[in-house]
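Input sequences plus hints: build the corresponding full structure.
Read top to bottom, the protein sequences are chains C and D.
Read in the numbering used here, the first sequence has 84 at position 84, and its numbers run on one by one without any break.
Read in the numbering used here, the second sequence has 546 at position 546, and its numbers run on one by one without any break.
Hints listed in this document are in silico derivations from the structure and should not be mistaken for laboratory results.
Please note: incorrect hints may appear among the correct ones.
Quick list of the computed label-pair ranges, beta carbon to beta carbon [stated by the list, open to error]:
1. C:ALA499 / D:SER8: 56 to 66 Å
2. C:ARG447 / D:GLU256: 53 to 63 Å
3. C:GLN163 / D:GLY302: 23 to 33 Å
4. D:ARG543 / C:GLU564: 50 to 60 Å
5. C:ALA519 / D:ALA534: 45 to 55 Å
6. D:GLU256 / C:ALA146: 45 to 55 Å
Idealized CB from N, CA, C, for every residue including glycine.
Below are the chains, spelled out letter by letter.
Protein chains: 2
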Amino acid sequence: MRQTFDESTDPSFGPRHLPRIREAMAEQGLDALLVPHEDEHQNEYLPPANDRLGWATGFTGSAGAAVIFQDKAAIFVDGRYTLQVRDQVDAATFEIRDLVDGGVTAYIEQAARPGQSIGYDPRLHSPDALERLRHAAARAGAILKAAPQNPLDLAWGAERPAQPMAPVAPHPLEFAGEASSDKRRRIGEALAQQGAAASVLTAPASLAWLFNIRGGDVIRSPLPLGQAILNADGTARLFLDPRKVTAELPAWLGNEVRLERPEDLPGALAELSGQTVLVDAAQSSAWYFEALGAAGAHVLRGDDPTALPRACKNAVEIEGSRRAHLRDGAALTRFLHWMATEGQASPPDEITAVRKLEAFREATGALKDLSFDTIAGAAGNGAVVHYRPTERLNKRAQSGSLMLIDSGAQYLDGTTDVTRTVAVGEPTAEMKARFTLVLQGNLALARARFPAGTTGSALDALARTPLWAHGLDYDHGTGHGVGSYLGVHEGPHRISKAASLVALQPGMVVSNEPGYYKAGEYGIRIENLQVVTAPAPIEGGERPMLGFETLTLAPIDRRCIAREMLSDAERAQLDAYHARVRELVGPQLEGEARAWLEAATAPL
Amino acid sequence: MRQTFDESTDPSFGPRHLPRIREAMAEQGLDALLVPHEDEHQNEYLPPANDRLGWATGFTGSAGAAVIFQDKAAIFVDGRYTLQVRDQVDAATFEIRDLVDGGVTAYIEQAARPGQSIGYDPRLHSPDALERLRHAAARAGAILKAAPQNPLDLAWGAERPAQPMAPVAPHPLEFAGEASSDKRRRIGEALAQQGAAASVLTAPASLAWLFNIRGGDVIRSPLPLGQAILNADGTARLFLDPRKVTAELPAWLGNEVRLERPEDLPGALAELSGQTVLVDAAQSSAWYFEALGAAGAHVLRGDDPTALPRACKNAVEIEGSRRAHLRDGAALTRFLHWMATEGQASPPDEITAVRKLEAFREATGALKDLSFDTIAGAAGNGAVVHYRPTERLNKRAQSGSLMLIDSGAQYLDGTTDVTRTVAVGEPTAEMKARFTLVLQGNLALARARFPAGTTGSALDALARTPLWAHGLDYDHGTGHGVGSYLGVHEGPHRISKAASLVALQPGMVVSNEPGYYKAGEYGIRIENLQVVTAPAPIEGGERPMLGFETLTLAPIDRRCIAREMLSDAERAQLDAYHARVRELVGPQLEGEARAWLEAATAPL
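Right, dumping it as structure tokens:
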């Protein structure tokens with residue numbers, strides 16, 4: 001089994017680890033220490049060696065921060081994690097506060113005393129965040145001080161897990177679809193157009209995409225930790241620990257890419273003296289800006305130049321994603337068949353469901369990893385948006401309720417992410433009504449046609465309007481980008497209430513996942529991945545319109561649908577989707593599962 | 001008649017006026033001069049005395065700019081005005097270029113020669129715009145130079161119309177709904193919370209709203225030109241030309257508002273030395289920033305503190321707007337009856353239609369002004385979004401086509417803005433199909449319910465989705481804010497594709513005006529004003545939702561609707577709106593008009 005169900009921290013972490021951290025702080029003359037969730041690579045999922053916030057506090061959510069004073073400490077999380085933080089963190093040790101709207105800066109301004117030194121690790125903070133923190137400290141009469149060595153790392157000492165050393169291997173052209181040399185050439189030209197001689201790339205996904213390599217340093221995503229300098233002429237320097245370099249890698253990278261050691265990076269940055277260097281302040285920490293500034297380079301702040309090209313998948317990647325979704329759809333359909341038969345006769349607990357689904361995916365023979373830990377939320381657990389089943393929280397599905405299963409897989413040809421919500425026993429009329437509203441939102445977004453230049457924020461309301469009309473909503477985004485055998489959350493595009501300036505462009509893969517959550521009772525989410533299609537004419541129209549092709553192939557539980565709430569057009573849209581699922585997934589199944597799929601995808 | 005149909009400029013303006021401007025430039029040692037459309041008050045509509053761009057070029061659109069060199073000149077307009085500029089401006093004198101995406105800065109960078117001095121009038125440019133222009137000039141090796149006196153004004157000389165001197169009078173509490181002292185107190189508190197001791201207000205609408213006064217310096221909007229300094233304690237200094245001050249004004253303003261002369265303003269700004277002063281860089285020109293900087297004040301850039309409170313209408317203003325719309329709806333319905341009877345028998349030309357509609361509004365006895373020049377666009381003229389009928393362009397309505405009429409009125413109790421598109425003869429199937437798509441967008445936006453925090457950009461797509469699905473769209477925003485007996489275009493909210501950070505809030509009035517334009521053939525627009533309603537529970541729901549109350553009351557032409565395209569719910573929504581129109585407007589009509597309204601608002 002890939003997924004585990006233990007808990008890697010407990011509330012004793014804070015009381016046990018804080019004294020050691022404070023001692024190390026004192027040795028460096030620090031009155032306080034900033035502990036962000038982010039690591040040196042600004043990853044969403046951290047290698048255990050870099051989960052400093054988790055070790056210091058016990059909190060394992062995907063976003064947060066802590067501030068540790070000698071005589072007090074606070075942890076900051078957003079609304080998604082208000083329940084989880086109370087479960088994981090000792091509230092006597094850490095005051096629990098809200099992360100949003102400058103929670104950390106407001107706290108520093110109020111908690112710091114004149115003359116105090118607040119330590120930080122410059123490798124962990126973006127320059128913009130640091131600037132705001134610096135101002136907050138100044139307003140309190142305190143100063144921010146870069147710690148020569150992170151006191152938390154010193155306190156962690158021998159107990160700290162080793163840095164990940166997963167081998168970095170070529171990602172073949174049959175999956176990548178474009179040679180690294182071609183990618184480097186066109187990104188290099190874009191750099192030149194911006195007047196930059198080079199760009200420092202620090203996002204592992206950028207390295208993976210640009211050099212057509214994959215690693216395994218971060219669980220659930222095949223990322224190689226490292227850095228690179230891409231020059232405007234397309235040549236590059238790639239900094240990877242030699243222990244991760246596989247035998248075939250140097251030849252794969254070719255002559256234009258110099259493979260170097262991480263300790264060579266500072267010297268390489270110093271060589272950029274006098275040059276204009278593009279760095280993304282959202283991806284690269286203040287350390288890079290300071291190092292380049294000290295070297296006399298002219299730092300140009302801008303978007304990571306690989307982010308948009310990476311998001312717009314090429315034809316080979318899109319075809320790969322279709323294949324991955326065919327395979328994944330068959331595995332998921334086998335699971336849904338099991339849930340609809342054995343799972344009805346004897347409702348499983350969440351962990352059993354997760355294991356069953358993983359086994360079906362493993363049986364494809366192509367599974368490289370899950371793309372994230374499967375969320376199986378029975379009844380009230382389904383209403384916890386960022387739920388992950390553990391031995392302690394594990395709950396058995398209840399008859400007359402719903403189970404929400406959000407899962408995905410990493411295959412060489414593509415990354416999947418799909419949520420289905422299934423009935424156990426007979427759902428209530430309220431469950432069916434709300435499931436249908438969520439479905440209507442999903443269908444509205446899936447069928448949208450829109451002109452070039454339209455952003456995800458402009459389309460977000462399409463998925464919410466049916467819920468809004470009934471006084472309901474969900475407190476998460478409607479869609480996130482997805483990588484190609486890369487991260488399951490990938491920018492720069494998204495579909496959400498937050499204003500976005502990034503237009504949806506052909507080849508972008510994005511999720512469509514409206515939901516509804518009734519605290520303590522049940523959760524509903526319907527999630528498909530979609531790829532943005534090129535502008536195409538519409539009969540009788542004047543302007544070509546972009547649209548979506550749905551990639552995910554798995555039946556949507558007809559038992560949860562209040563048929564009478566759907567318009568004829570909505571029914572036809574769902575029937576057509578189900579016919580596609582039947583046609584494409586059916587031939588991969590046999591016997592009972594195939595017969596079940598026929599019924600599960602029959603017209604409403 | 002209030003509206004005129006002449007043209008105030010012609011293409012000879014450029015060749016005739018440019019030599020005089022260049023002479024005045026040379027006397028100040030300037031190689032070039034920047035001529036923005038904006039005047040000292042950043043108004044949308046200019047008093048004739050301030051239409052410098054019009055006098056220099058002949059172009060009368062609502063946005064644009066010119067750059068005049070000694071040996072060349074260029075005019076910059078956006079996509080809305082590409083036809084109009086060629087009609088109004090001598091292309092041999094002015095090169096015609098695109099305003100968007102930094103058109104002026106790119107031109108300066110390319111056209112200026114090293115060592116040249118480019119003159120500007122600091123009262124006419126925002127500090128941000130000026131900064132960009134300064135950089136562009138620097139890249140060309142040229143410098144930007146503030147002209148002690150605007151050379152264009154000197155060249156204009158005695159031909160320049162006099163500055164407007166319309167009397168400024170109290171706007172009674174029965175219309176304003178909140179005493180100026182209360183407004184000043186709460187805005188003052190908001191200033192204090194931002195750490196500001198005062199704010200310099202330069203937008204005429206801000207003065208009108210804050211002091212509950214109305215003027216008439218700008219045609220079509222009751223704006224008093226002037227400036228004010230509002231202090232955090234709620235006291236203020238108001239700078240108005242004494243010739244505009246009516247007898248009752250000083251007592252109306254009370255003891256807390258000191259009435260002063262415009263020439264006292266520089267001294268008053270100098271007195272702000274050492275204080276933190278809030279100024280809106282989008283409303284106030286660089287002159288204010290320079291004057292305050294020179295005085296040693298600390299300038300805090302931020303939104304005009306009256307903008308958001310002004311946009312959120314109070315109960316008295318909303319009730320006033322309902323009254324104004326009742327009255328205006330009756331006038332418009334009389335006009336629509338005329339169009340549907342006499343206008344069918346003998347189709348009118350555009351000017352006749354405009355005069356007829358104005359006469360119906362005048363007959364209410366309450367008309368203070370039109371809120372903008374009525375657009376009546378017959379056939380192909382209807383497809384020109386910013387059309388204004390003139391004797392030269394005037395066209396007779398054609399049988400088998402459409403006429404688009406966009407108009408509005410200024411009443412003491414409210415400002416209206418409404419567009420109806422009516423059939424002349426029998427419209428074609430295509431016209432009806434496209435009218436119906438526009439109507440579906442209008443209905444979708446009108447019935448939207450949405451949670452607090454939703455911006456206009458999030459709702460814009462609701463009005464476009466039906467058109468998008470058929471490969472159609474319109475190239476203007478979906479909705480703009482509207483003042484209360486103030487400007488017909490009022491921020492800070494809007495409903496448009498452009499990203500907005502301003503959430504829609506209860507009391508905001510906003511238009512709902514999707515359209516469709518077939519160049520050379522016909523234009524369709526359906527526009528109602530709506531007021532945002534307070535969050536209210538929805539039966540069976542969990543979260544209170546905001547929504548819209550439609551203010552505009554006038555029938556939508558049933559002859560243009562393809563009934564079979566509407567869903568049952570859409571038909572019911574339209575029928576309910578028409579029933580409201582019948583119920584509220586009907587009793588104001590008599591005889592044939594009333595009978596016609598009965599038929600025109602019958603269920604579909």
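| query | Honestly, which of those hints from before does the structure not fit? | reply | 1, 3, 4, 5
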